[in-house]
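Let the hints inform the model, and build the full structure from the sequences given.
Number of protein chains: 2
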Amino acid sequence: MIENSPLESVKSQINVEFDNSNQAKIIYDSIILEFQTAPDYRSSMDLTLKDNFIIIDIDAQDSTSFRASVNSAIKWINLSLQINNLTNI
Amino acid sequence: MIENSPLESVKSQINVEFDNSNQAKIIYDSIILEFQTAPDYRSSMDLTLKDNFIIIDIDAQDSTSFRASVNSAIKWINLSLQINNLTNI
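So the sequence lines, in the order shown, correspond to chains A and B. Read in UniProt numbering, the first sequence has 51 at position 51, and its numbers run on one by one without any break. Read in UniProt numbering, the second sequence has 25 at position 25, and its numbers run on one by one without any break.
Since the hints were derived computationally from the structure, they do not count as laboratory data. Since the structure is predicted, the reported quantities are computational estimates derived from the model, not experimental observations. Be a bit skeptical, because a hint or two may be false.
Copies of the same chain look alike in the list, so a pair counts if it works inside one copy or between any two.
[Stated by the list, open to error] Straight-line distance between alpha carbons at most 27 Å, and here's what the computed DSS-like set of lysine-lysine pairs gives:
{"id": "1", "residue 1": "Lys11", "residue 2": "Lys50"}
{"id": "2", "residue 1": "Lys75", "residue 2": "Lys50"}
{"id": "3", "residue 1": "Lys11", "residue 2": "Lys75"}
{"id": "4", "residue 1": "Lys25", "residue 2": "Lys11"}
{"id": "5", "residue 1": "Lys75", "residue 2": "Lys25"}
{"id": "6", "residue 1": "Lys25", "residue 2": "Lys50"}
Written out as structure tokens, the structure reads:
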């Protein structure tokens, strides 16, 4: 039988750059609760704010949960950004 | 209008751990050509082999191309691993 995710582990640090540190702070405050409460036992995520960067640390047991974590994180950030941009129109 | 990908840039280093350095080398040799020839102008990927780790560096202009790059990279690695595991049965 072929294993679905035969990797040992996948670790990643993702640096997301924003226009300015104020925008990064707004997005960080919007999504930090999602990261703290996301119930995923095969991967853990950590969020850090640094100037105009949000740093996402992902530590996953397999590639499937890694992809799920990346996709969730990016979707949360994009959604928050789009809502924030609506208020600036 | 809402921008689809309003991020400035997304940079990431992904560390994929394998059972042993031999397996990592086999997978690295199998997929390095895909990384060198992938025609994506909005993101660049770099692959490095280090012991039993394959390190993927992704530098993307927006979150959409970042997700596409992550998904491609993980799929190539998984496919190579599955084919390699077939020969070990």
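Which numbered hints turn out to be false for this structure? none
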